[in-house]
Amino acid sequence: MSEHAASSFVRQELVPERAAPVNTTGFVGFLRTRLFNSPTNVLLTLASLLLLWFTVVPAIRFLVIDAVWPPAIRSWLVDTVWRGSGGSSGTDRSACLETAGHAAGACWPYVQAKFTQFIYGFYPQAERWRVNLTFILAAVLLLPLLIPRLPAKGINAGLFFVAFPVVAFFLLHGGGLGGFGISWTASLLSGLTGSMGEAGRKLASAGEATEVVGPILVLLGKLVMLLSTAVSFLVWPMTWLRDQIQASSRPLWTDFAASAMIVSALVFILNGGIRSGWRSLIASLAVFAGIGAVIAALGLDHGGLPVVDTRLWGGLLVTLVVSVTGIVTSMPVGIALALGRRSTIPLIRIFSVAFIEFWRGVPLITVLFFATYMLPLFLPGNFTIDGLVRVLIGIALFAGAYNAEVVRGGLLAIPRGQAEAASALGLSYWKTTALIVMPQALRHVIPGLVNSFIALFKDTSLVSIVALFDLLGQLRASFADPVWATPTTLFTGFAFAGMIYFVFCFGMSRYSLFVEHRLNAHRRS
Amino acid sequence: MTMTANSIVSIAGLNKWFGDFHVLRDINLDVGKGERIVICGPSGSGKSTLIRCINALEEFQEGRIVVDGIELGPNLRRVDDVRREVGMVFQSFNLFPHLTVLENCTLAPIWVRHLAKKDAEAAAMKYLERVKIPQQAHKFPGQLSGGQQQRVAIARALTMNPKVMLFDEPTSSLDPEMVKEVLDTMVDLAQEGMTMLVVTHEMGFAREVADRVVFMDAGQIIEANTPAEFFANAQHPRTRLFLSQILR
Numbered sequence: 001m002s003e004h005a006a007s008s009f010v011r012q013e014l015v016p017e018r019a020a021p022v023n024t025t026g027f028v029g030f031l032r033t034r035l036f037n038s039p040t041n042v043l044l045t046l047a048s049l050l051l052l053w054f055t056v057v058p059a060i061r062f063l064v065i066d067a068v069w070p071p072a073i074r075s076w077l078v079d080t081v082w083r084g085s086g087g088s089s090g091t092d093r094s095a096c097l098e099t100a101g102h103a104a105g106a107c108w109p110y111v112q113a114k115f116t117q118f119i120y121g122f123y124p125q126a127e128r129w130r131v132n133l134t135f136i137l138a139a140v141l142l143l144p145l146l147i148p149r150l151p152a153k154g155i156n157a158g159l160f161f162v163a164f165p166v167v168a169f170f171l172l173h174g175g176g177l178g179g180f181g182i183s184w185t186a187s188l189l190s191g192l193t194g195s196m197g198e199a200g201r202k203l204a205s206a207g208e209a210t211e212v213v214g215p216i217l218v219l220l221g222k223l224v225m226l227l228s229t230a231v232s233f234l235v236w237p238m239t240w241l242r243d244q245i246q247a248s249s250r251p252l253w254t255d256f257a258a259s260a261m262i263v264s265a266l267v268f269i270l271n272g273g274i275r276s277g278w279r280s281l282i283a284s285l286a287v288f289a290g291i292g293a294v295i296a297a298l299g300l301d302h303g304g305l306p307v308v309d310t311r312l313w314g315g316l317l318v319t320l321v322v323s324v325t326g327i328v329t330s331m332p333v334g335i336a337l338a339l340g341r342r343s344t345i346p347l348i349r350i351f352s353v354a355f356i357e358f359w360r361g362v363p364l365i366t367v368l369f370f371a372t373y374m375l376p377l378f379l380p381g382n383f384t385i386d387g388l389v390r391v392l393i394g395i396a397l398f399a400g401a402y403n404a405e406v407v408r409g410g411l412l413a414i415p416r417g418q419a420e421a422a423s424a425l426g427l428s429y430w431k432t433t434a435l436i437v438m439p440q441a442l443r444h445v446i447p448g449l450v451n452s453f454i455a456l457f458k459d460t461s462l463v464s465i466v467a468l469f470d471l472l473g474q475l476r477a478s479f480a481d482p483v484w485a486t487p488t489t490l491f492t493g494f495a496f497a498g499m500i501y502f503v504f505c506f507g508m509s510r511y512s513l514f515v516e517h518r519l520n521a522h523r524r525s
Numbered sequence: 001m002t003m004t005a006n007s008i009v010s011i012a013g014l015n016k017w018f019g020d021f022h023v024l025r026d027i028n029l030d031v032g033k034g035e036r037i038v039i040c041g042p043s044g045s046g047k048s049t050l051i052r053c054i055n056a057l058e059e060f061q062e063g064r065i066v067v068d069g070i071e072l073g074p075n076l077r078r079v080d081d082v083r084r085e086v087g088m089v090f091q092s093f094n095l096f097p098h099l100t101v102l103e104n105c106t107l108a109p110i111w112v113r114h115l116a117k118k119d120a121e122a123a124a125m126k127y128l129e130r131v132k133i134p135q136q137a138h139k140f141p142g143q144l145s146g147g148q149q150q151r152v153a154i155a156r157a158l159t160m161n162p163k164v165m166l167f168d169e170p171t172s173s174l175d176p177e178m179v180k181e182v183l184d185t186m187v188d189l190a191q192e193g194m195t196m197l198v199v200t201h202e203m204g205f206a207r208e209v210a211d212r213v214v215f216m217d218a219g220q221i222i223e224a225n226t227p228a229e230f231f232a233n234a235q236h237p238r239t240r241l242f243l244s245q246i247l248r
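Note that the protein sequences, when read in sequence, are chains X and G. The first sequence stops at residue 525 when you use the working numbering, and every number in between is there. The second sequence stops at residue 248 when you use the working numbering, and every number in between is there.
Keep in mind that a hint or two might mislead.
[Said to hold, decoys possible] Simulated pairs of lysine to aspartate or glutamate, EDC-like, Cα-Cα distance not exceeding 16 Å:
| no. | chain 1 | residue 1 | chain 2 | residue 2 |
| --- | --- | --- | --- | --- |
| 1 | X | Lys431 | G | Glu103 |
| 2 | G | Lys117 | G | Glu103 |
| 3 | G | Lys163 | G | Asp80 |
| 4 | X | Lys431 | G | Glu208 |
| 5 | G | Lys180 | G | Glu208 |
| 6 | G | Lys118 | G | Glu103 |
Simulated from the structure, these hints should not be mistaken for lab results.
With these hints in hand, go ahead and build the complete structure from the sequences.
Spelled out as structure tokens, the structure:
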């Protein structure tokens with residue numbers, strides 16, 4: 001009877017609601033349930049407290065309490081927080097030596113005295129406003145880009161990734177422009193035809209000297225020479241135009257106007273002419289107006305700002321230039337290599353694999369040494385690239401190879417069905433990749449990418465071994481200054497540099513968490 | 001399997017190998033405009049591979065496939081032309097999880113048909129209403145039930161105005177309670193005259209909607225007939241064995 005009742009059950013009354021169990025949240029609840037809930041945990045808690053006592057407390061003593069402060073800050077501290085401690089003035093090391101009586105603390109007047117050096121390096125005093133302006137421009141363009149709610153992301157990104165690097169170059173490095181689009185194109189093309197003719201001549205003369213394959217080489221050389229002559233006839237109107245422009249009274253502006261007209265007309269026609277090309281025509285003219293404004297503002301038509309050689313750059317400036325350029329350029333390199341490694345075309349795949357494995361297999365220091373000291377030996381005599389640019393390229397390729405593997409990890413996580421569904425809708429390979437596969441893949445690998453960005457930011461300190469004085473290099477250079485030789489200079493300097501690095505890296509880390517959270521909105525239901 | 005003048009998909013002498021495995025063997029099939037064909041058979045019989053060949057998600061080694069006058073071959077331009085004419089619904093939905101339901105439905109019209117965003121959205125809302133989930137338009141796929149996701153996938157395929165719809169086991173990964181809502185949507189679509197090739201084990205759907213039922217085993221078409229004949233009077237012993245196992 002009872003068995004029968006058990007097997008057919010119909011609930012008569014629903015289970016009533018009950019009060020929640022005792023609260024385990026809040027501070028006291030936290031202490032009770034997490035820190036002191038078992039003998040082991042009590043022991044662990046006490047051990048941790050001791051550890052904190054022996055690390056945090058001395059650090060605070062060194063950095064704040066026993067520290068020697070610059071006069072301005074010290075007087076404020078003395079008035080408001082505590083009375084009478086530390087030295088008197090902040091112009092040389094004597095301030096930090098007076099503390100000999102008790103435990104020595106950080107020597108902040110040293111940081112104050114060297115601060116401009118840490119930021120600008122040997123950048124000439126009179127020109128430092130240019131660095132400040134670049135920093136301000138970067139901040140003004142970058143901040144709105146990082147805040148998702150603000151509009152006009154497309155224009156903003158264009159300004160930051162395309163216009164800003166050019167402006168920053170002319171601001172930081174200085175110098176002017178002799179020509180514009182037409183002159184550059186003409187020089188490039190005539191250089192190309194020139195080297196083609198040269199190669200043809202060499203081939204032909206080599207052919208005359210050899211026995212068996214000689215005639216073939218001569219024929220080939222003659223063909224190349226003929227081709228270069230033909231191309232030079234095609235290029236001729238271009239070079240003629242350049243010569244006319246260079247002969248005019250204001251070559252840059254003439255060239256600029258001509259380039260603007262030609263490019264805008266092309267854009268107008270390619271986007272449908274009178275029917276639908278007006279918008280792109282206006283956009284193109286607006287871009288050229290912007291370029292013109294920059295040329296006028298920086299005076300690029302008459303020499304621009306005085307040139308500051310990159311050897312004079314230093315400190316945080318170099319650290320930021322190297323790391324931001326590295327981060328921004330390594331992304332496209334990484335994405336291209338990751339796609340190349342998955343390509344079905346063997347040549348592209350083999351190239352990508354070889355490239356990635358080469359750069360990952362070589363230490364960054366080797367890359368930097370090679371770029372700085374070996375590359376100039378291989379390049380033809382009159383052909384030089386700026387030392388900083390060589391380092392930038394080396395770091396971009398190095399970081400690109402690392403990013404490629406991170407991005408590939410993301411690509412592997414995307415099910416094949418995603419690309420199939422996109423193809424089935426008629427999207428091409430590139431559209432499928434750009435709209436469906438890559439956005440999802442990159443979201444998966446934000447932690448990994450930011451990880452390598454942070455590593456890159458700190459690896460920039462390695463440039464100090466190839467005679468570039470980044471923040472850390474500048475810091476070490478300042479240790480050699482006898483005016484500030486005190487027992488705590490070294491510790492103070494590294495503590496200060498550590499804080500700067502920490503601010504940037506922690507900022508990147510937190511921002512990446514925010515982005516991750518926002519972009520993964522679709523995973524929460 | 002006669003060649004009709006108004007056939008929209010015609011497959012002739014199709015052979016395909018996965019490595020050494022002969023997965024499709026001498027397939028001949030003509031689908032007329034507005035015809036509904038249900039393809040069934042045991043797993044591994046090549047049903048899915050067959051319909052994936054029709055929009056070139058799989059390549060084949062021998063034979064020819066002509067879709068709406070466009071012959072599928074190694075020429076990749078034509079592949080895109082064919083895919084624009086053919087909509088596909090997958091077993092695992094394959095919605096784009098990082099886009100909202102509406103964005104899923106406007107992506108291809110905007111990027112392939114080059115519609116203005118506003119027009120594409122208006123059209124997409126029309127199709128979402130047709131599959132009865134317009135109120136979910138701004139949610140992400142992950143926030144919908146399986147049945148709703150599959151209906152979005154159907155709407156997404158319809159936004160490209162396909163002439164043929166391919167369904168690759170559209171209800172196989174759904175909870176039993178959700179199978180009906182998807183099948184109802186497909187029945188509606190059939191009644192509007194859409195040409196459909198459906199790989200499914202839903203024999204009720206086949207009976208109700210199909211013009212022809214095709215039974216496949218071991219990579220070949222064993223039997224094709226009207227549903228009434230197919231279910232009541234199967235000719236081949238393999239078909240009878242299959243039917244006896246799934247119709248209990």
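Results for each hint:
Restraint check for Lys431 (chain X) and Glu103 (chain G): satisfied, since their Cα atoms lie roughly 15 Å apart, inside the 16 Å limit. Straight-line distance between C-alpha atoms of Lys117 (chain G) and Glu103 (chain G) comes to about 10 Å, which keeps the hinted pair within the 16 Å bound. For the suggested pair Lys163 (chain G) and Asp80 (chain G), the alpha carbons sit about 14 Å apart, so the restraint of at most 16 Å is met. At most 16 Å may separate the alpha-carbon atoms for a hinted pair to count; Lys431 (chain X) and Glu208 (chain G) exceed this at roughly 39 Å.
Proposed proximity of Lys180 (chain G) and Glu208 (chain G) is supported: the alpha carbons are some 13 Å apart, at most 16 Å. With a C-alpha separation of about 12 Å, the suggested pair Lys118 (chain G) and Glu103 (chain G) falls inside the 16 Å cut-off, and the hint holds.
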